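Participant: Take a look at the letters that make up each chain.
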Amino acid sequence: MKTLLYLLFALYLCSVAGYLLRLVWNRPWLARLALGLVMSGVALQTGLLGWRWWQAGYLPVTNLFSTLFFFSWALALIYLYFELRYKIGATGLFVMLLNLVLLGGALPREAQISPLIPSLDTPLFTLHILFSFTGYAFFAMAFSIGVLYLVQSRLQTRHLPDKLLLRRINEESIFLGFGLFTLCMIAGSYWAYVAWGYWFSWNIKSVWSCLVWIFYAGMCHAKFVRRWQGGVYAWLSIAGFAVVLFTYLGIGLLLESNHPLE
Amino acid sequence: MPPTTDMTLPQRLWSWGCSLKLAIYVASLATLLIMGGSLTMHKHPQLFGPMDDMLMADWLAGAWQQAPQRVWWIPASALCLVIFAINTLCCLIDWLLKIGSRWRKTGEYLIHTGFILLVIAYGWNSFAGFRSGPHRLFPGERLELRPMPGYAIQLEEFTAELSDTGRPLDMINRLSLWRDEAPIKEREVRINQPLTHGGLVVLATSFGRSLTGFTFHLPGRGLLDLAPGSRLELDDGGSLTVLALLPNVRRTSADQVQPIGDQLGNPALQLRLQRADGSSWQGWYLLREPPPRELRAVNLHLRPMEPRFRDYSLLTINRDPGSGLAAAGALCMTFGVLLAFVSFYAKRARGDRPEV
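Heads up: the sequence lines are chains B and Y, in that order. Take 1 as the starting number for the first sequence in this note's numbering and just add one per residue. Take 1 as the starting number for the second sequence in this note's numbering and just add one per residue.
Any given hint might turn out to be false.
Claimed, not checked - To give a feel for the contact side, a few chain Y residues facing chain B, derived at Cβ under 8 Å:
1) Gly17
2) Leu20
3) His42
4) Ile111
5) Ile172
6) Asn318
7) Ala326
8) Ala330
9) Phe344
10) Tyr345
If you're looking for bench data, these hints aren't it; they were derived computationally from the structure. Because the structure is a prediction, the values reported are computed rather than measured. Glycine is no exception: its CB is placed at the ideal position from the N, C-alpha and C atoms.
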């Protein structure tokens with residue numbers, strides 16, 4: 001397992017190098033190579049995830065290793081979606097760099113699958129996790145695009161997609177992420193109701209998850225404010241991802257909650 | 001449409017109610033208040049810890065008296081969210097009035113509807129309903145639901161499912177709900193599978209074992225089980241009655257027995273010996289010590305062999321009268337999201353830049 005994980009890391013690392021070289025040395029085959037490496041990485045990661053799921057008998061996303069691994073997989077998959085749909089090319093450099101950080105955080109941790117706590121043994125858990133991390137991955141994508149939008153505003157380089165396309169992808173990421181995160185909240189609330197007898201908990205994790213939802217609900221409206229389109233929206237995407245990171249990692253690692261990360 | 005000077009007051013109010021800026025401002029203010037407040041929660045677990053165990057109104061009333069400076073952000077952010085919900089409602093009504101030309105936004109407005117229903121449901125449940133438990137019930141026992149006169153819960157059977165290593169896997173409770181002395185619902189309640197009935201929700205929270213008696217060896221009679229209420233007839237016409245059983249006690253300096261916990265530690269039986277001559281003795285037999293002199297004198301050399309336990313279930317019983325409304329809100333949101341996704345890609349397929 002560890003060997004395959006290092007191979008996966010190497011594939012993504014090479015793709016980042018490919019995108020970087022493409023920026024310096026303008027050869028189209030480098031972009032194709034980098035994309036091929038990302039696709040190979042996603043295929044390998046999908047296989048690994050499927051294998052772990054089959055081994056465990058449940059979606060193994062219960063600790064820090066497995067959540068980082070799943071987050072990284074979802075982000076890579078979402079990047080592929082945008083790349084294949086919009087041909088965003090060099091944008092991959094920043095997205096895959098973020099993906100490397102996620103996967104790099106998972107690598108030193110124990111990959112062992114532990115027995116499932118009985119209360120997690122429900123399809124609601126699988127739905128909650130799937131929607132949560134795909135939502136997070138779209139927010140991560142929006143963050144990356146937001147940063148690139150600001151870079152492009154300053155550099156006006158032909159190596160990056162134009163600002164209009166970046167803005168459009170940013171808005172699409174926020175919209176899809178918000179929709180998926182809404183489904184995550186619904187699955188989580190229903191699960192809380194059948195497990196605890198109330199559908200909203202004042203546990204700090206639940207409170208911050210609501211904040212993430214309200215923040216991105218606000219963002220879905222903020223794009224109609226003409227002055228905020230583009231630059232302000234990009235900054236909001238960055239701020240939103242900071243809230244997501246605190247909700248996911250900050251609370252899980254630093255504070256006591258009902259969603260501990262070990 | 002932003003308010004203008006030529007508008008009448010109701011028009012201006014309506015315009016403010018539907019204002020996008022208002023939505024953004026109150027949502028931002030609520031976000032900032034909750035962000036700051038939630039960090040206070042972490043620092044004061046004693047104050048905020050029981051929030052989920054009580055109705056919000058009850059908790060807030062108590063917490064406000066204790067430390068208003070630490071909880072003021074909750075009513076303030078609730079106010080923001082209520083304004084946000086009213087703003088959402090105004091937008092929804094505005095959309096409904098123009099649905100003929102704006103039906104493609106049905107998905108987005110179903111999400112709005114869901115949000116309004118959830119805010120109303122939470123507000124309703126903050127003042128009505130109840131939260132209680134955990135309640136300890138032995139199989140066969142019935143619990144009257146005081147906040148719901150006439151209703152009772154009866155635990156028919158209970159089985160704790162354990163793995164080979166003793167790890168709890170499930171808690172299987174066969175429960176029946178009674179109203180006016182007649183059963184109205186029966187269900188097997190397990191982890192993640194509660195009994196629900198009109199806002200009432202009964203959940204398996206945990207379980208435990210309670211010491212009910214002991215098996216003793218009595219020379220000449222073999223093994224016998226003694227528990228509170230047991231009576232042993234003696235050959236000479238006397239009798240021995242078990243009055244009480246305590247799982248863990250200590251002997252005080254005044255030679256009294258004092259209970260020190262519910263876990264099995266130093267168990268003791270309170271006994272009454274009725275002798276054949278009419279005299280009697282009452283006292284404690286601490287099972288880790290030799291039998292009392294009075295028992296030995298009548299050849300009652302009782303030797304404890306093993307404890308006898310009985311499983312009990314711990315149940316949480318809550319009532320959330322707004323749960324149906326919340327479920328309707330959740331359904332609206334789910335369909336809204338799915339519809340909004342379909343609508344988004346349909347617009348993209350037509351080459352129309354979607355304004356979602």
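Participant: Quick one: which hint numbers does this structure break? Sort them smallest to largest.
Facilitator: Going through the list in order, the structure violates hints 1, 5 and 10 and respects the others.
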